[in-house]
Amino acid sequence: MNMKSIPVKQDCFTVRVIDDETIFVNEKGDMLHSLNETGSFIWSRIDGKTTLEGLLGLLRAEYDVPAAGSAEDLTRFLGELEEKGIVRLLE
Amino acid sequence: MDVNNEGACRIKVGSTVIEIQCPARGLAERFKRYFRSPVEESDTSTIAVFLDTDANGKRRRIPDSLFIGKSVEKGFFTMGGGVLRGDYVSGKMDVKLRVDARLLSGRLVRIFEQFLYQAFYSDPVNRSRNSFLIHASGVIHNGKGFVFTGPSGSGKSTIAKLSAENPVLNDEICLVTFEGGRVWVSYTPFNGFFKKKTESRAPLNAVFLISHGKKHSILRMDHAKASTALLQQIVPPIGIDEAISGDTISRIFDLAESLQKKVPVYGLAFTRDAGFWNEIDRVCGVDR
Chain A
1 MNMKSIPVKQ
11 DCFTVRVIDD
21 ETIFVNEKGD
31 MLHSLNETGS
41 FIWSRIDGKT
51 TLEGLLGLLR
61 AEYDVPAAGS
71 AEDLTRFLGE
81 LEEKGIVRLL
91 E
Chain B
92 MDVNNEGACR
102 IKVGSTVIEI
112 QCPARGLAER
122 FKRYFRSPVE
132 ESDTSTIAVF
142 LDTDANGKRR
152 RIPDSLFIGK
162 SVEKGFFTMG
172 GGVLRGDYVS
182 GKMDVKLRVD
192 ARLLSGRLVR
202 IFEQFLYQAF
212 YSDPVNRSRN
222 SFLIHASGVI
232 HNGKGFVFTG
242 PSGSGKSTIA
252 KLSAENPVLN
262 DEICLVTFEG
272 GRVWVSYTPF
282 NGFFKKKTES
292 RAPLNAVFLI
302 SHGKKHSILR
312 MDHAKASTAL
322 LQQIVPPIGI
332 DEAISGDTIS
342 RIFDLAESLQ
352 KKVPVYGLAF
362 TRDAGFWNEI
372 DRVCGVDR
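Chains as they are written, first to last, in this note's numbering: chain A, 1 to 91; chain B, 92 to 379.
Read the hints as simulated data drawn from the structure, not as lab findings. Backbone N, C-alpha and C define an ideal beta-carbon position, used for all residues, glycine too. Be a bit skeptical, because a hint or two may be false.
Over 12 Å on every C-beta distance to chain A, these chain B residues come out as not near it, computed from the model [to be verified]: (1) K123; (2) S156; (3) R176; (4) S291; (5) A347.
Listed next, the stretches of chain B that the computed footprint assigns to chain A, with coverage defined by at least 3 CB atoms under 8 Å from CB atoms of chain A [said to hold, decoys possible]: (6) 269 to 281; (7) 312 to 322.
With the sequences and hints as input, model every part of the structure.
Next up, the structure:
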C-alpha cells in the first residue's frame with residue numbers, strides 16, 4: 001500500500017451509521033468493526049476513485065490533523081479495514 | 092414426503108397459533124407438556140406444520156443455529172446442514188417438515204424451536220405489527236414490563252430466578268410488539284424447560300443489557316452500543332421461506348432503533364441477589 005493506492009468498499013457487509021459511528025455487521029449479525037467520527041468521515045469519502053493521498057487532503061481540510069504522522073495513521077487505518085475485508089486496496 | 096399424523100400440539104405466540112401435527116401421539120403429548128401453551132379451542136391455527144422424523148437418515152452434526160447456512164429454493168428449504176428440511180409455499184401457511192429425530196428430544200428441542208421462531212415470522216401479521224422475538228428474560232414489575240437481554244451466560248435465567256416474586260414472562264425468549272404507540276413485552280411458550288412462566292404482557296418500561304458484576308449498577312447506554320448489542324439478541328425476522336441477507340440485518344437494525352426511540356436501554360451489572368430491583372426502581376422511577 002502506498003499513497004497512490006485506491007481503497008474500494010467491499011459490499012459483503014451491512015453498514016449502518018448511528019450517530020457519528022459507522023458499524024459493519026456480517027450475515028450472522030456479529031459486529032465486525034465500528035468507526036468513530038473521523039473513521040466514518042474517511043469511510044464516507046471512499047468512492048473507488050480517490051487515492052490515499054486524496055483522502056488525506058480531504059481529512060486535513062475537514063479536521064485539524066497534525067502534518068506529522070497523519071499519512072501513517074491513515075495507512076494503518078486502511079490496512080485494518082483491508083484486513084477485515086471491509087475495503088480492497090488497488091495499487 | 093408422506094406424513095402420517097397421530098396428534099397435534101398447538102402453541103400460541105402473540106396472536107400467532109402454530110399447529111404441529113406429529114407423526115406419533117407420544118411426541119404430540121411430549122410437546123404439549125414441554126410448551127404448555129395455553130391455546131383456546133376457538134383459536135384458529137395460523138400455520139400448520141406437518142412433522143415427520145428422520146430417525147435413520149445420515150447422522151449429521153447438530154448445528155447451534157437453524158438460521159445460518161439455510162437454503163431456500165423453489166418451495167424447498169433446508170436448515171442446519173440438512174437436519175431439518177421441508178416444503179413450504181410462501182403464503183400457503185402449511186409446511187411439510189422432516190426433522191432429524193435427535194432435535195425432538197432432550198435439550199436439542201431448543202434448536203428445533205428456532206424453526207418455530209421462523210414459523211412465527213412467516214405470519215404476515217407479525218411483520219405488519221413490527222413484532223419480534225428477542226433472546227431475553229422478561230419480567231413484569233409493579234405492572235411495568237422489563238426486558239433483560241445479553242449473550243449466552245450473561246445471566247438471563249439468573250435474573251428470572253431472582254425475580255420470582257414478580258410475574259416472569261420467560262427466561263430466554265420474549266415477544267416485543269409495537270402496538271398503539273406503545274411497546275409491549277409478552278410471554279412466549281419457548282424454552283419449555285423453564286416452567287415458572289406467567290402468560291401475560293405489559294408495556295415495556297426499559298431494556299437492560301445484562302452482565303455479571305461485583306455490585307448492582309445501571310448505566311444508560313449510548314445509541315450505537317445499544318443498537319449493536321440488541322442486534323445480536325433480536326431473533327432474525329425471517330420466515331420459513333427466507334434466508335438471512337443484508338436486508339435482514341438492516342431490518343434488525345431498524346427494529347433495534349425503533350425500540351430505542353420508545354424505550355430506554357441501559358447496561359445492568361448485577362450480583363446474584365434480587366437487589367438489582369432496587370437499582371431499577373431508583374433509575375426507572377417505578378412506584379411501589
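Hint check results:
1. K123: Per Cβ check, B:K123 is outside 12 Å of chain A; nearest 32 Å; holds.
2. S156: violated (8 Å)
3. R176: holds (21 Å)
4. S291: holds (29 Å)
5. A347: violated (9 Å)
6. 269 to 281: Since 0 is below three, the answer is violated.
7. 312 to 322: As far as the stretch 312 to 322 of chain B goes, the hint holds, because 6 residues have Cβ atoms under 8 Å from chain A.
Of the numbered hints listed earlier, those contradicted by the structure are 2, 5, 6.
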